[in-house]
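Quick note: the sequence shown uses the numbering used here, first residue 311, plus one each step.
Any given hint might turn out to be false.
Quick list of in silico lysine to any residue cross-link-like pairs, SDA-like style, CA-CA up to 20 Å [stated by the list, open to error]:
#1 Lys432 / Tyr442
#2 Lys339 / Lys432
#3 Lys339 / Leu400
#4 Lys432 / Gly404
#5 Lys348 / His361
#6 Lys348 / Glu332
#7 Lys339 / Leu372
#8 Lys432 / Leu452
#9 Lys339 / Phe401
#10 Lys339 / Leu371
#11 Lys432 / Ile421
#12 Lys339 / Val395
#13 Lys339 / Tyr442
#14 Lys348 / Tyr442
#15 Lys348 / Met364
#16 Lys348 / Leu338
#17 Lys339 / Phe365
#18 Lys339 / Ser423
#19 Lys432 / Val395
Derived Cβ-Cβ restraints for the label pairs, each shown as a range [to be verified]:
#20 Arg350 / Tyr442: 47 to 53 Å
#21 Leu418 / Leu362: 17 to 23 Å
#22 Ala335 / Ser355: 19 to 25 Å
The hints are simulated quantities; they were obtained by calculation from the structure and are not laboratory data. Model, not experiment: these values are computed from the prediction. Beta carbons are placed, not taken as given, at the ideal position from N, Cα and C, and that holds for glycine.
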Amino acid sequence: MSDSHSPNLAFEKESIHIVQHEVFALILKTLSDHIIVKFRSIQASPMDTHHLAMFIFLLALLTYATAVVVEVMLRASESIYHTHVGNIRLFAGGLAAVLLLSVLDPVLGCIISVIWVCLFVKIAYESLQELYRILCQMMSRLRGSVRCLGGEEPNQPPA
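Build out the structure end to end from the sequences listed, making use of the hints.
This is the structure we're talking about:
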């Protein structure tokens with residue numbers, strides 16, 4: 311037996327992002343197929359009956375696609391901001407899926423959207439804390455020693 315094992319691709323960052331895109335595509339395809347079946351017997355289309363949800367869905371889908379491109383560019387330049395753009399991508403994709411679910415089943419869509427909002431607020435709060443920390447570090451480099459709201463110096467690790 312050989313001691314050299316091939317690396318497990320399931321845990322590499324690139325493969326995780328590919329899986330996320332595939333799961334997102336599968337969810338959207340499944341939901342859109344169910345919407346097509348549901349609205350086949352109805353004369354109106356989802357764009358007519360749920361125009362606001364469909365408009366926001368299209369905006370979320372556009373945001374998802376844009377965030378994918380920006381995230382790839384930031385990863386290629388080894389920027390620390392790719393994590394924040396990745397969060398935007400994940401939540402835009404989640405919003406798109408929740409909106410399609412709300413067109414398909416409004417009650418279930420409402421329940422899932424409450425969960426989505428809670429996760430969004432949590433991640434947004436953490437991202438804002440990180441962005442504040444980065445901004446505080448930048449300001450301290452520009453002006454010397456600037457004290458942040460937390461009280462500790464930004465260039466020193468927390469105690």
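Quiz prompt | Numbers of the earlier hints that this structure fails to satisfy, in rising order | solution = Hints 2, 6, 8, 12, 13 and 14 are the ones this structure does not satisfy, whereas the remaining hints hold.
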